[in-house]
Structures are given as structure tokens and as C-alpha cells.
Amino acid sequence: MLFLVVSEIIDIIDETCRKLKHPPPCLQAFLNDLPGNDFNAIFKHLLCCFYERVKIEKGKNKCFFTGVAGSFYGRLFPPNSLHFVHSSYAIMWISKLSKEEIKSMIEAEGSFKLQTMEVFNMDWDDYIKKADTKQVLDKTRRATMIANDIKAVGESSLDNHLGEDIIDDLFRRFKEDVFDYMETHKC
1307 MLFLVVSEII DIIDETCRKL KHPPPCLQAF LNDLPGNDFN AIFKHLLCCF
1357 YERVKIEKGK NKCFFTGVAG SFYGRLFPPN SLHFVHSSYA IMWISKLSKE
1407 EIKSMIEAEG SFKLQTMEVF NMDWDDYIKK ADTKQVLDKT RRATMIANDI
1457 KAVGESSLDN HLGEDIIDDL FRRFKEDVFD YMETHKC
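Per the working numbering: the sequence shown = residues 1307 to 1493.
Think of the hints as simulated: they come from the structure by calculation, not from any bench.
Mixed in with the good hints, there may be bad ones.
Okay, the calculated beta carbon distance ranges per label pair [said to hold, decoys possible]:
{"hint": "1", "residue 1": "K1350", "residue 2": "E1406", "range": "34 to 42 Å"}
{"hint": "2", "residue 1": "K1325", "residue 2": "G1376", "range": "32 to 40 Å"}
{"hint": "3", "residue 1": "Y1357", "residue 2": "S1387", "range": "41 to 49 Å"}
{"hint": "4", "residue 1": "A1414", "residue 2": "D1444", "range": "40 to 48 Å"}
{"hint": "5", "residue 1": "R1324", "residue 2": "D1344", "range": "15 to 23 Å"}
{"hint": "6", "residue 1": "D1317", "residue 2": "S1393", "range": "26 to 34 Å"}
{"hint": "7", "residue 1": "G1342", "residue 2": "K1405", "range": "29 to 37 Å"}
{"hint": "8", "residue 1": "F1418", "residue 2": "D1486", "range": "37 to 45 Å"}
25 Å max Cα-Cα, derived DSS-like pairs, lysine-lysine [unchecked claim]:
{"hint": "9", "residue 1": "K1435", "residue 2": "K1481"}
{"hint": "10", "residue 1": "K1435", "residue 2": "K1419"}
{"hint": "11", "residue 1": "K1350", "residue 2": "K1325"}
{"hint": "12", "residue 1": "K1366", "residue 2": "K1327"}
{"hint": "13", "residue 1": "K1457", "residue 2": "K1435"}
{"hint": "14", "residue 1": "K1405", "residue 2": "K1445"}
{"hint": "15", "residue 1": "K1350", "residue 2": "K1327"}
{"hint": "16", "residue 1": "K1364", "residue 2": "K1325"}
{"hint": "17", "residue 1": "K1405", "residue 2": "K1419"}
{"hint": "18", "residue 1": "K1364", "residue 2": "K1419"}
{"hint": "19", "residue 1": "K1419", "residue 2": "K1327"}
{"hint": "20", "residue 1": "K1481", "residue 2": "K1364"}
{"hint": "21", "residue 1": "K1419", "residue 2": "K1457"}
{"hint": "22", "residue 1": "K1445", "residue 2": "K1435"}
{"hint": "23", "residue 1": "K1366", "residue 2": "K1445"}
{"hint": "24", "residue 1": "K1325", "residue 2": "K1361"}
{"hint": "25", "residue 1": "K1481", "residue 2": "K1436"}
{"hint": "26", "residue 1": "K1409", "residue 2": "K1327"}
{"hint": "27", "residue 1": "K1409", "residue 2": "K1350"}
{"hint": "28", "residue 1": "K1350", "residue 2": "K1366"}
{"hint": "29", "residue 1": "K1361", "residue 2": "K1481"}
{"hint": "30", "residue 1": "K1457", "residue 2": "K1445"}
{"hint": "31", "residue 1": "K1364", "residue 2": "K1350"}
{"hint": "32", "residue 1": "K1409", "residue 2": "K1436"}
{"hint": "33", "residue 1": "K1361", "residue 2": "K1350"}
{"hint": "34", "residue 1": "K1350", "residue 2": "K1405"}
{"hint": "35", "residue 1": "K1350", "residue 2": "K1419"}
{"hint": "36", "residue 1": "K1366", "residue 2": "K1419"}
{"hint": "37", "residue 1": "K1409", "residue 2": "K1361"}
We put the CB at the ideal spot given by N, CA and C, even for glycine.
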């Protein structure tokens, strides 16, 4: 999902620059996760597909990624160093996720000036389908990728609560549930 958001941002900036007759800038995206989590899966698998697709669509790479280890409960970046912030998963861990509550938390914390906030509902695998331009991934592979993505996000929290002995089985079963859902619903 993250790469779908970055792709949309690149498209919007490119279109705006084209309208203004300015060359589009190169972008820097910072990915954040807890220090104990492994960025290798993202950098090894997903990022390669993303770079390949951007190169095909845009002719060159327009965005560079950096992994930043740390907790979103504290400061991750210097003041005034970010121009745009997107959170796919972090807010859900500290909030009941209502738009008003998130807005009040951001304003109370004071590090950011909230100019626009939108909530989007998307298919679970929209980012996979968008990256898979040749449509070669079947539902089994897409279900596996979704389960792995959710595992990457929640594994460390679940380890602490449930113990790491059951994690692999839990996400194997989750993958089966995702596949079953994809079989019975339009996804």
C-alpha cells in the first residue's frame, strides 16, 4: 500500500510540474519501522518492483527510499524536515482511528501543521495489482504478499502478546483466510 501512495504522489507532482512547465523534482521517502523489524523484505522484493514500474512509466527513477528505525511514539526526524507525511498503519495503534480524534492528536502534539487530511478505502491488494502490470500474479501469490505485508507490520507487536512460537502458523492461517476472502468477494 505504501508504494501505491508514493506512486500517486509522484503522479500528482509530475502532473502539477507539467502544467507549470517545471521539471519534476526527485523525491526522498522515509520508511519507518521499529528497530527490531527487518527492512530487508521491503528493500529486497517490493522496492525492486516499484523502481522497475516507475522506470517503465516515467523513464527514470523519481524517488529514493530510506529506512528509519524508531518508534512513532517519539521524534523520528528533525523539526521542519518533512514536507508531507503519510501513515498507513501507525495511527491505528494509537487511536480508535476517527478523523476528528487523529486531527486533535496531531494538533495537540504540535510538530506538524495539518493542512489536509483524507481517508481512503482501498482494496487490500490494489497496490499489488498496480505493481503487477503484466497481471502474472494469481490469487494465491497475492494472498501470500498481503499476509507477508501484514506480518511485517504487526509481527513485533504480536510476538510480545502471543509469543513468537505461533506467529508463522498464525500468518499461514491468515493467508488462507485472505485467499478464501478473495475467492468469495471481488477484491
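Quick rundown of the hints versus the structure:
no. : hint                      : in the structure
1   : K1350 - E1406: 34 to 42 Å : 39 Å, holds
2   : K1325 - G1376: 32 to 40 Å : 37 Å, holds
3   : Y1357 - S1387: 41 to 49 Å : 24 Å, violated
4   : A1414 - D1444: 40 to 48 Å : 46 Å, holds
5   : R1324 - D1344: 15 to 23 Å : 38 Å, violated
6   : D1317 - S1393: 26 to 34 Å : 20 Å, violated
7   : G1342 - K1405: 29 to 37 Å : 31 Å, holds
8   : F1418 - D1486: 37 to 45 Å : 40 Å, holds
9   : K1435 - K1481             : 17 Å, holds
10  : K1435 - K1419             : 33 Å, violated
11  : K1350 - K1325             : 35 Å, violated
12  : K1366 - K1327             : 18 Å, holds
13  : K1457 - K1435             : 19 Å, holds
14  : K1405 - K1445             : 33 Å, violated
15  : K1350 - K1327             : 35 Å, violated
16  : K1364 - K1325             : 16 Å, holds
17  : K1405 - K1419             : 15 Å, holds
18  : K1364 - K1419             : 31 Å, violated
19  : K1419 - K1327             : 28 Å, violated
20  : K1481 - K1364             : 33 Å, violated
21  : K1419 - K1457             : 32 Å, violated
22  : K1445 - K1435             : 11 Å, holds
23  : K1366 - K1445             : 30 Å, violated
24  : K1325 - K1361             : 21 Å, holds
25  : K1481 - K1436             : 20 Å, holds
26  : K1409 - K1327             : 35 Å, violated
27  : K1409 - K1350             : 35 Å, violated
28  : K1350 - K1366             : 19 Å, holds
29  : K1361 - K1481             : 31 Å, violated
30  : K1457 - K1445             : 18 Å, holds
31  : K1364 - K1350             : 22 Å, holds
32  : K1409 - K1436             : 30 Å, violated
33  : K1361 - K1350             : 17 Å, holds
34  : K1350 - K1405             : 34 Å, violated
35  : K1350 - K1419             : 34 Å, violated
36  : K1366 - K1419             : 32 Å, violated
37  : K1409 - K1361             : 36 Å, violated
This entry does not satisfy hints 3, 5, 6, 10, 11, 14, 15, 18, 19, 20, 21, 23, 26, 27, 29, 32, 34, 35, 36 and 37, going by the numbered hints stated previously.
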